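Residue numbers for the sequence shown follow UniProt numbering, so the first one is 1 and each next one is one higher.
Simulated from the structure, these hints should not be mistaken for laboratory data. Misleading hints may appear alongside valid ones.
To be verified - With a straight-line Cα cutoff of 25 Å, these simulated SDA-like cross-link-like pairs (lysine to any residue) come out:
| no. | residue 1 | residue 2 |
| --- | --- | --- |
| 1 | K330 | N152 |
| 2 | K61 | S254 |
| 3 | K365 | N237 |
| 4 | K333 | R311 |
Claimed, not checked - Label-pair ranges, simulated between beta-carbon atoms:
| no. | residue 1 | residue 2 | range |
| --- | --- | --- | --- |
| 5 | N237 | R110 | 30 to 40 Å |
| 6 | S296 | N237 | 46 to 56 Å |
| 7 | N152 | E414 | 44 to 54 Å |
| 8 | T302 | S269 | 29 to 39 Å |
| 9 | R200 | H266 | 19 to 29 Å |
| 10 | T155 | S269 | 34 to 44 Å |
| 11 | I420 | E131 | 51 to 61 Å |
| 12 | Q265 | I157 | 35 to 45 Å |
| 13 | K333 | H266 | 18 to 28 Å |
The structure presented is a predicted model; accordingly, all values stated were derived computationally and were not measured. Here a beta-carbon is modelled for each residue, glycine too, at the ideal position from N, C-alpha and C.
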Amino acid sequence: MFFYAIQVDQENRMTNFFWRDGRSRIDYNSFGDVICFDTTYRTNKYNMICAPFVGVNHHWKNVLFGCAFLLDETTASFTWLFETFLESMGNQKPKTIFTDQCQAMKNAIRVVLPDTCHRLCLWHISKNAAENLPRHYGNPEFKSRFNKILYNCETEIEFQSCWDALLRDYNLVGNKWLSTLYKNRERWCSVFSHNIFSCRMKASSRSESTNNVFQHMACKTMRLTEFVHEYEKASKNMRTEELEEDFRCKQSTSFQIVQNCGLLQHASSVYTRTMFKRFELEITSTLGVTHQDINSDGVSSTYEVIERGGRRVHVVHFNSSNNVVTCSCKMFKTLGLLCRHALRILIVKNVTELPVQYVLKRWTKDAKKDSVVCDHAKSADANDELSMTSRCNEFMRSVYEIFTRSAATTRHTEMCRRKIREMIELIEKDMEVLSVARDDGEQENSFVDNTISGDVEKTNCSLNNLPILDPP
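All chains should be built: construct the whole structure from the sequences, respecting the hints.
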């Protein structure tokens, strides 16, 4: 079901606006564990901020969860938006949210999403580094060392050592921008969030890809309605690509570089093609890994694992009674795929199928299968029957799989189209017989009492009841 919410000022001029469609609700239910929130785009007709909510699907592609227009970047506006976004998603909170550096946004997330890991987008940090350290960032050696700090440190000790050495070697001790960056290190350095799922994507590729999609929309003459249409086109293209990739995954099994490997065969049958390739890379990389048994009591074993040519020692624990394996690199914790170090030990222990606890559904071909959407909608009926919103969401779960499968062939598409027409005719005839009046106003909108929040009247209103004026 479509959802929208509008905030207006005392003169009924739109100040903030959020919307998402029904498909975004389903996508969020499957992939809403990690979201990227970007406010770098502006629709310059009214100079409003465009703020899309973006995630990553089971094919490692961008997926849109909704979008907003904001009049300003204040704590009040961000608080309203995050609360509205959660309301539209049944109060399902993400595990990790990536944003750019913004104190107002940080304040709002602390209030609305206190249990969500707030990470800073490394793509924006790299762009800011080029602007704030132009002379140094143009130096290839400096850039390489700076990027290592951003992406490749595995321990807090390693991070601190690399950071101190960089500032000392380039005489940057006391640099204001770097000092501020260091104070926020827990929000961008991965060593401080190894135990939290984040797709391990660091948001760089998400932001770059989203930037390519939205940048051409933010022109000086584009009206908000035109932007919404462009957004819908972009969303439709993304969903078409997803359906096509779903079809390819269902029709064939991924080619395996290594034949007769039980772990690869199992992975090929469950993972999407893209995620299988990532898993396959970890499997083949086990050929370059050595291990040493440092402790064993018959059931539990501990190993030191080293990649050839590397110096880092990874500690892997394995329990043969339940096939539980953990690695100090924490790749499964953050990405949901087993690392080469853990896989090396599984192979040594003759485990030929991925333990069920290590097959994360969000990366599989059936990521959306049996997805349950809970909106916690309150019924207005005396007998506590399902509201229209809940019924629509219930049907959407059922028909999504029908649409996905029927789109695979022209024959099944036409079959689905024909049956839909028959259903519509049948329902209309039955409604005439029962004289059931349609309630055109029953739509999933958010209503709250009019309250003054600062200088903004917080009003989520129906477009049919109040004339909404252009933004100030």
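Here is what the structure says about each hint:
| no. | hint | in the structure |
| --- | --- | --- |
| 1 | K330 <-> N152 | holds (13 Å) |
| 2 | K61 <-> S254 | holds (18 Å) |
| 3 | K365 <-> N237 | holds (20 Å) |
| 4 | K333 <-> R311 | holds (22 Å) |
| 5 | N237 <-> R110: 30 to 40 Å | holds (35 Å) |
| 6 | S296 <-> N237: 46 to 56 Å | holds (53 Å) |
| 7 | N152 <-> E414: 44 to 54 Å | holds (53 Å) |
| 8 | T302 <-> S269: 29 to 39 Å | holds (31 Å) |
| 9 | R200 <-> H266: 19 to 29 Å | holds (22 Å) |
| 10 | T155 <-> S269: 34 to 44 Å | holds (36 Å) |
| 11 | I420 <-> E131: 51 to 61 Å | holds (53 Å) |
| 12 | Q265 <-> I157: 35 to 45 Å | holds (40 Å) |
| 13 | K333 <-> H266: 18 to 28 Å | holds (21 Å) |
The structure is consistent with each of the numbered hints, conforming to all of them.
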